Amino acid sequence: MAGLPCPNGALQFRIWDDDELSVVYNVATGDTHLISSIDVELLQRLPKSPCTTETLAGELVGLFSEAKHAVVVEFLDATLLQLQTVGLVTVAPH
Amino acid sequence: MKISEFTTSQLASLLRRSELLFTMGPLVARIKSNVTSLASDIALMYADFDVCSVDAFADFHIEVARETGLRRWIKPQVRFFFDGQPSFIPLPAAQAFAMLEWGLNWCVAAHCHQYLIIHAAVIEKEGRAAILPAPPGSGKSTLCTGLVMRGRRLLSDELALYDMESGMIYGMSRPINLKNKSIDVIKRFAPSAVMTAPMPDTTKGTVALLRPPLNSVLCANEPVRPLWIILPKYSPDARPDLVPYSRARTFMLIAEQSFNYDIQGVRGFEAIGKLVDQGQCYQLTYSQLDDAQRVFDELLARGG
Numbered sequence: 001m002a003g004l005p006c007p008n009g010a011l012q013f014r015i016w017d018d019d020e021l022s023v024v025y026n027v028a029t030g031d032t033h034l035i036s037s038i039d040v041e042l043l044q045r046l047p048k049s050p051c052t053t054e055t056l057a058g059e060l061v062g063l064f065s066e067a068k069h070a071v072v073v074e075f076l077d078a079t080l081l082q083l084q085t086v087g088l089v090t091v092a093p094h
Numbered sequence: 095m096k097i098s099e100f101t102t103s104q105l106a107s108l109l110r111r112s113e114l115l116f117t118m119g120p121l122v123a124r125i126k127s128n129v130t131s132l133a134s135d136i137a138l139m140y141a142d143f144d145v146c147s148v149d150a151f152a153d154f155h156i157e158v159a160r161e162t163g164l165r166r167w168i169k170p171q172v173r174f175f176f177d178g179q180p181s182f183i184p185l186p187a188a189q190a191f192a193m194l195e196w197g198l199n200w201c202v203a204a205h206c207h208q209y210l211i212i213h214a215a216v217i218e219k220e221g222r223a224a225i226l227p228a229p230p231g232s233g234k235s236t237l238c239t240g241l242v243m244r245g246r247r248l249l250s251d252e253l254a255l256y257d258m259e260s261g262m263i264y265g266m267s268r269p270i271n272l273k274n275k276s277i278d279v280i281k282r283f284a285p286s287a288v289m290t291a292p293m294p295d296t297t298k299g300t301v302a303l304l305r306p307p308l309n310s311v312l313c314a315n316e317p318v319r320p321l322w323i324i325l326p327k328y329s330p331d332a333r334p335d336l337v338p339y340s341r342a343r344t345f346m347l348i349a350e351q352s353f354n355y356d357i358q359g360v361r362g363f364e365a366i367g368k369l370v371d372q373g374q375c376y377q378l379t380y381s382q383l384d385d386a387q388r389v390f391d392e393l394l395a396r397g398g
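Protein chains in written order, with this note's numbering: chain A, 1 to 94; chain B, 95 to 398.
Please note that the accuracy of each hint is not assured.
Unchecked claim - Pairwise CB distance ranges, derived in the manner of DEER restraints:
{"id": "1", "chain 1": "A", "residue 1": "Gln44", "chain 2": "B", "residue 2": "Gly221", "range": "37 to 45 Å"}
{"id": "2", "chain 1": "B", "residue 1": "Asp384", "chain 2": "A", "residue 2": "Leu81", "range": "45 to 53 Å"}
{"id": "3", "chain 1": "B", "residue 1": "Gly397", "chain 2": "A", "residue 2": "Gln12", "range": "27 to 35 Å"}
What the hints assert, rightly or not - Anything over 10 Å on all C-beta distances counts as not near chain A; from chain B, calculated:
{"id": "4", "residue": "Ser107"}
{"id": "5", "residue": "Phe116"}
{"id": "6", "residue": "Pro120"}
{"id": "7", "residue": "Ser134"}
{"id": "8", "residue": "Lys169"}
{"id": "9", "residue": "Trp200"}
{"id": "10", "residue": "Phe283"}
{"id": "11", "residue": "Val370"}
Rather than coming from a laboratory, the hints here were simulated on the basis of the structure. It should be emphasised that the depicted structure is a prediction, and the values quoted were computed from it without experimental measurement. Glycine included, each C-beta is placed from N, C-alpha and C at the ideal position.
Could you build the full structure based on these sequences and the hints that come with them?
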């Protein structure tokens, strides 16, 4: 899957040091979502241009240092699908 | 002047002429009614509230009126009007005061968008305030009443008015809406509590309103900055248990329990974030009001 972040500044985050969960506000939809710390990492680190999950897994290798590449790709696919379902990322046309 | 300085017949006369205006914290309501029982209920429940002059600005122009037609001789009903327009379905005349209260809640929740309006109780003692946001059925009103009847100041039982600029919360110190078993629980817990006669068969079951304490009403215009956000959870036979609660989940609960979060946009998001940042978040499980009272006392004693 290819993930695109929402346009720069369109997501507002609230993150607490003492909480594994965070919230994000999507300016485009007006929706607020409860998200995990890995969701935050993905949404904040997604590149500004479309890329494949394979590429993304390579760029985020520091987060998953002990996991095999294929497992990371599978995990990112599932996570991005969830984020896509709630409108926090979009799939770029091939 | 206070409402208690008027006789019931004077109040009834003011109501008939649409000349009863009183303050509810930062807001003013003008009430009109030809329902006789409403004057005595207002006298009982709003005794300590300030009456405004007849030419004062009113945020809400409200009427609770008897329905006309043949039905009024068999099963009399009353209807709520806002700005002269009929609102909601009619209710039995015996529920006139509950209709006034629910109608006032709707007026605030649907119009006062200068505030983020949170469905929450707010109480204060020694300058330290707690906000208790919770969905229906969590025991929020019962817990709030129990704490208020033991000396805490009532700001809100239902609607917390959060000023998003200052981070302060205003209340209206209006009567507390008790339902079903809570009515007898509070009668046993605080025999001196002043309540309306129970109104059976409402959409919420049996309902009774409880008069807010004098000290709370006198301070109704003084906002607070909450130190704690506490999610109450009534659980039969449970021992009292106060545990830290996720700030993110607290944020989401407050957003869900806000009547106008959706229309505030990113301003509302930032405001709730500020509210959650500035306090400690807990969940309180309890079954006995005395236990909950002790938990709040201990929280106050350790200051955070």
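- Task: List, from low to high, the hint numbers that the structure doesn't satisfy.
- Result: Hint 11 is the one this structure does not satisfy, whereas the remaining hints hold.
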